[in-house]
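Student: Now for the letters of each chain:
There are 2 protein chains.
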Amino acid sequence: MSDLELKALVFDVFGTVVDWRTSIANEVSNQLKNKGFDLNWLAFSEAWRGKYQPSMEGVRSGKRGYVRLDVLHLENLMEVLEEFKVSGLSTAELDYLNRAWHRLKPWPDSVSGLERLKKKFIIGTMSNGNVALMVNMAKHSGLPWDVILGAEPAQAYKPDPKTYLTGVDWLGLQTDEVLMCAAHNNDLVAARDQGLKTAFIARPTEYGKDQSVDIKAEHEFDFITTDMNDLADQLAC
Amino acid sequence: MSDLELKALVFDVFGTVVDWRTSIANEVSNQLKNKGFDLNWLAFSEAWRGKYQPSMEGVRSGKRGYVRLDVLHLENLMEVLEEFKVSGLSTAELDYLNRAWHRLKPWPDSVSGLERLKKKFIIGTMSNGNVALMVNMAKHSGLPWDVILGAEPAQAYKPDPKTYLTGVDWLGLQTDEVLMCAAHNNDLVAARDQGLKTAFIARPTEYGKDQSVDIKAEHEFDFITTDMNDLADQLAC
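In the order they appear, the protein sequences are chains A and B. The opening position of the first sequence corresponds to residue 7 in my numbering, with each subsequent residue numbered one higher. The opening position of the second sequence corresponds to residue 7 in my numbering, with each subsequent residue numbered one higher.
Check the hints yourself; a few may be wrong.
Same chains, same label: a pair holds when it works inside one copy or across any pair of copies.
As a list, the in silico DSBU-like pairs of lysine-lysine whose alpha-carbon atoms are at most 30 Å apart [what the hints assert, rightly or not]:
hint, residue 1, residue 2
1, 41, 125
2, 126, 111
3, 111, 41
4, 124, 91
Think of the hints as simulated: they come from the structure by calculation, not from any bench.
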């Protein structure tokens, strides 16, 4: 496609911009090793993340009102701690551990690629993470967002159309002036269904070397890229 | 006060960060001179701005639901054009003229001061301007916001407490961890009433050299400053 009509790029964050798997494993091991625990830290990280999609279903289905992801993350953390037989953490320790999601590390190409893209386009988040989580992560890891959009502004979790459409509306743009960038096929299909343009950013080790899903683009997207700098190249940034 | 507990600084924008009066006068004259009009451009700018506070009253009072400031600005523009006997503009020309508010120029100290403050604190907007207006202005004028907060996220216009409190809530902070920065006494008093910390930034020529209001801080605020760099000095940035 021509990129002439694009005005804004919005990004999935967990997995697409930052490496949650090793970041969470490192954060959890740093905190729990000191307390005498010896776990499979990557397994802990994957188990915590494994509860992410199911935990949003209550909000998506309307069974419960919108609650921010920090709340769901904490509920999920309590379950994972029990499964891994970890107990005895104070409220402050639990809060700090839960905020590990506010301190996720970018993939090596993310900051340099976003800096390039920012010169030509509005760049924003389109994440299920809440605003504080996104802002704190950006400050921690140098992510140069122009605007924080996504679940909390829309009070709805992707792939609910409202999430994408509220972001587009707040930017004062048409859907085809906004490029949704993600490492996950289903996120892009949902955005495409609402009229957004789409860019696949391959993150074939998001779930480790044996990853079985989202290895490659499985649908027709406007851009298929290998990382954030490849996207910047393709958009002539 | 000690600044140790501050986590985020939020800013009024029109008048505090940007000089709407001369920016709008320049934009309007650039566009209307070409069409043969010869007006008092500063008077036009002041007349347009003069309709700003009254136009928000319908939303504040509940007479109409929230509509974004771009909509109010356009309604107000139509009235001012009629008052100044300007007619014959196309829809595209009216839209471009209305978006002059998206292209306001910063006061000379704003960008350098904000860059300093951003290194130590989260910095965000707390404006009645809508998100697209704020984002486009930031891109146009190099304002390095971490987050866009204010009227549109809250669906309420300052000084409605909801505007300040939604911003604080989305940042995941306590009210006394957030510093409201503004050149307008009433904005700061409203924020202070909700528990936010306050900083007065003097803009004694916002309305020109004969300005009669908001020349100085008229209440007890936590910081009284002469400009954005003075604020950065006082916060040891």
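Student: If a hint holds in the structure, say so; if it doesn't, say that too.
Tutor: These are the hints, each one checked on the structure:
1. 41 - 125: Result: close neither inside a copy nor across copies, 45 Å intra and 33 Å inter.
2. 126 - 111: Both ways: residue 126 and residue 111 sit 24 Å apart in one copy and 20 Å across, limit 30 Å.
3. 111 - 41: within (24 Å within a copy, 54 Å between copies)
4. 124 - 91: neither (45 Å within a copy, 41 Å between copies)
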